[in-house]
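J.: If you want the building blocks of each chain, they are given just below.
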Amino acid sequence: MAGGAATGASVTTDTYAEARTWLLLPAWAVLGFFVLAPVGMMLVYSFLTKEFRGGVIWEFSLAAYDQFFFDRGLFGDEAPKIEWTYINIFWRSIWQAGLATVMSLLIGFPTAYFIATRPEKVRPIWVFLITIPYWVNLLIRTVSMKFLLRDNGPLNEFLMSVGVVSEPIHIINTNFAVQLGLFYSYLPFMVLPVYASVERYNFTLSEAAADLYASKWTTLRRVLLPTVKPGVIAGCILVFVPSLGSFLAPDLLGGAKNFMIGSLIEEQFKGSAGNWPFGAAAAMILLSMVLVILMVFARQQAKSGKEAG
Amino acid sequence: MAEARQIAIDVRDAVKRYGDFTALKRISLSIHDNEFFTLLGPSGCGKTTLLRMIAGFEDVTEGGIFLYGKEIEDLPPNRRPVNTVFQNYALFPHMTVLENVMFPLEMLGKGREARARAGEMLELVQLSQFANRKPNQLSGGQQQRVALARALAPQPKVLLLDEPLSALDLKLRKAMQIELKHIQRETGITFIFVTHDQEEALTMSDRIAVMSAGELQQLGTPGEIYEYPRNMFVADFIGETNLLEVSVDAFAEGRAVCHLGGGHEMKVDAVEGIGVGSKVHLSVRPERLFLTDEKIDPDALHATVLENVFVGTNIMTIVDLDDGPNFTIRAANSDRGNARVFPEGSPVFVNGDRGAARLLVD
Amino acid sequence: MASNTDVRNYPGFVGITILCLVILYAPLIVVTVYSFNASASITVWEGVSLRWYADVFTGPDSEKFKTAAVNSFSIAIMAATTATVIATCAATAMVRGGRFRGRTLSFGLISLPLMVPEIVTAVATLIFFNAIGFTRGYTTILAAHIAFCIPFAYLPIAARMQGIEGTYEQAAQDLYATKVQAFRYVLLPLMGPGIISGFLLAFIISLDDFIITNFVKGAGVETLPTAIFGSVKQGIKPNIMAISTMLLGVSVVMVTISYFVSKKDNTQ
Chain A
1 MAGGAATGAS VTTDTYAEAR TWLLLPAWAV LGFFVLAPVG MMLVYSFLTK
51 EFRGGVIWEF SLAAYDQFFF DRGLFGDEAP KIEWTYINIF WRSIWQAGLA
101 TVMSLLIGFP TAYFIATRPE KVRPIWVFLI TIPYWVNLLI RTVSMKFLLR
151 DNGPLNEFLM SVGVVSEPIH IINTNFAVQL GLFYSYLPFM VLPVYASVER
201 YNFTLSEAAA DLYASKWTTL RRVLLPTVKP GVIAGCILVF VPSLGSFLAP
251 DLLGGAKNFM IGSLIEEQFK GSAGNWPFGA AAAMILLSMV LVILMVFARQ
301 QAKSGKEAG
Chain B
1 MAEARQIAID VRDAVKRYGD FTALKRISLS IHDNEFFTLL GPSGCGKTTL
51 LRMIAGFEDV TEGGIFLYGK EIEDLPPNRR PVNTVFQNYA LFPHMTVLEN
101 VMFPLEMLGK GREARARAGE MLELVQLSQF ANRKPNQLSG GQQQRVALAR
151 ALAPQPKVLL LDEPLSALDL KLRKAMQIEL KHIQRETGIT FIFVTHDQEE
201 ALTMSDRIAV MSAGELQQLG TPGEIYEYPR NMFVADFIGE TNLLEVSVDA
251 FAEGRAVCHL GGGHEMKVDA VEGIGVGSKV HLSVRPERLF LTDEKIDPDA
301 LHATVLENVF VGTNIMTIVD LDDGPNFTIR AANSDRGNAR VFPEGSPVFV
351 NGDRGAARLL VD
Chain C
1 MASNTDVRNY PGFVGITILC LVILYAPLIV VTVYSFNASA SITVWEGVSL
51 RWYADVFTGP DSEKFKTAAV NSFSIAIMAA TTATVIATCA ATAMVRGGRF
101 RGRTLSFGLI SLPLMVPEIV TAVATLIFFN AIGFTRGYTT ILAAHIAFCI
151 PFAYLPIAAR MQGIEGTYEQ AAQDLYATKV QAFRYVLLPL MGPGIISGFL
201 LAFIISLDDF IITNFVKGAG VETLPTAIFG SVKQGIKPNI MAISTMLLGV
251 SVVMVTISYF VSKKDNTQ
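Protein chains in written order, with UniProt numbering: chain A, 1 to 309; chain B, 1 to 362; chain C, 1 to 268.
Since the hints were made in silico from the structure, they are not lab data.
Sample of chain A residues with no beta-carbon within 10 Å of chain C, all distances over it, derived:
no., residue
1, 53
2, 62
3, 69
4, 72
5, 91
6, 92
7, 164
8, 232
9, 255
10, 258
11, 259
12, 304
Here are some of the chain C residues that sit facing chain A, going by a computed Cβ distance under 8 Å:
no., residue
13, 93
14, 109
15, 117
16, 251
Using N, Cα and C, we set each Cβ at its ideal position, and we do this for glycine too.
This is chain A alone, in the form it adopts within the complex (with noise of 0.2 Å):
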């Protein structure tokens, strides 16, 4: 019996325990050449001296890391001031991503929670709906959002003659456009895990809080979300990271006002007005913050799976 302790009972066995060097080496090779060393490299290329025509020149500089935060005049030779375009942008970004977030709870958290309440039959089947859409082309996804959003689109043509509005509502080029298409493309993700949180939730904890005089958005409250916080923190993480450094939402629907870091990046490595080594800061401070961001969900997740057991 003890041996089943250590082999029978864990999903985990050590049968092919001699092999495991030899099965991970592919992927430790592919992952660590074509994902860790790039990022490395990255990291070196923030450090070195742009090229003009794009590319870089191998010599130790700064100077991506100053323009970022500092400005020092039209020939850099003023006192230095904190250069607040790029951290303006940084901090839009920071705004939208979060707002998509929030959208994204306030529609996801019902809709999981519906999902958890069905017969457990047809649980998949809706957890099935809730994925295709995330499986479908982010690009066709947004270009799909782009089509129905415009002035003369479906959605204001509809509205139009339902009677809601007279006029055309102006959304494309907006931020509420990108917010709108950043919830679209990371929707998904909130639900599958407030989902999965809501699912192993244990129902008899709200109707015990019934049983003692809560009322339901008391126990919701009290007594529901307490208990399925790691699954909401996680759907949030889930959407706020991707959306953070997203591309093709601001690109497409927000226009040239609505700039985001992911636009801010590509741009650096486009044609012959790029700058490499500002580039790859400006990515190596988006990684950075969600690097932090991670670290400290991985922390909390950990701290409350010691609580819960």
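Chain A is fixed; fit chains B and C onto it per the hints.
T.: Here is chains B and C on its own, set in the frame of chain A:
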């Protein structure tokens, strides 16, 4: 009779450690050829670990395991002529019943005779008509028989059974106990059976090894183990018993006079290692005691009936030795009218034949 | 009545769920419908026609789309196949390799492409190919796709393997199968659904990728998403809607297959 028989499995000073935890503390035992041998003990006692070491799924930290005199330590499971019936059966869900039974034969390169042999095995377990079903289309009892047929198909030298009946309901389990015993006789293969169910062990086994906390507590036939438990653990684990802490007051005619408390005394066959004043444990099986309303035997103990519990085939009576400990007495409910039931509160005398009680030294 | 006694039921959640589905599907349905529009203008509806589908195959842009489609599908097939093989090996080591040092690190490395924002991976890959002097083109797209497809193939395969009890392989070994035979005849068939799901998901991910491809493709090589993006930059044309609808169809079919394959649980 056992002397003449060959030894199938010889476990010599086997130790198993997982890091700091010792699952088996130097176990030695020999299992005879053609024997139905049971490893019995509560969960965590190391019986499954020992079985898995014989099967080759766990390595032996110290000591060795010999199969017909040959050390098998270095053989991987697939090179050991030993097969296992797993607790959850582990029938391959993507193969039919027949394919499952043919699997070991194919692996041994006996593909040509596999179908015929598998068919025979399915006949042995009376499942021929289910040959083309998938395991999940069978009941628990049928799956169990397929697992048995599959493990027997390659004619192993030893068959290991890891609590194979634990998932079955009581009636089916009883039927399977008899069938397993029958199949063991018919095939002549050595069976090593692991269970935590003492009744199952007593019913089926030729010999039983009682284990606890990684140690062998007692090895013997069901009768020996039941009648002569070597220590407190075995006495308590096997069957029901009245287990009392007593002190030895004196010796008379090779018997120890034990003080039970409240001025009650009982004469019990003396065992080695006790003297006057020793605190020892005394074990009396409830069915070895009987009640009378008059003191016929001078050694009978006077008591008061506390409670009668009707348990179908038996009547259990709990009595309180006046100022002393309680005893449970079991009387067969067989001869209607003769089995006397003493009402609660009535004074009675507790009698036992010589040898009913045993002293245990730990 | 039920809503009063059932603590699970929150009024209004049904409505939000329906709204959620409408939001998710409306754009896709609208584009699908308009792809059958007979009109040359995307705003006016002139009745049902397959005109724009014909245009995709025979119109002035048909050569461009055909080349892009061949690139997209050939890369997706190769990337998904390679990623699935690599992921199956990795999953076997992670799930059936016991506990070992570097296991957490390996898992981190495998899920790295899921954690790093796509735009960062894109930039990093571009810089890397530039630094080692690789000419960007078909091969660089393929390499990048294999890398980011690995976690998508890995997750369903590892999840599946975790659901398969270790006793099956132990039983196989007990019944005289070598470890390789136990893998080939028992573990692999049981993992089938997970492997198929993993492959299909990796395939879709590769087929869908725009950002990374856009960075590493170099001049002249286009996949369907980059070709569509290029077109859309000049305004949405009806033929783009037709091609989008077809691609959408491919994704839906693949996900549906994956769904039904994974539902077919052969371990019980």
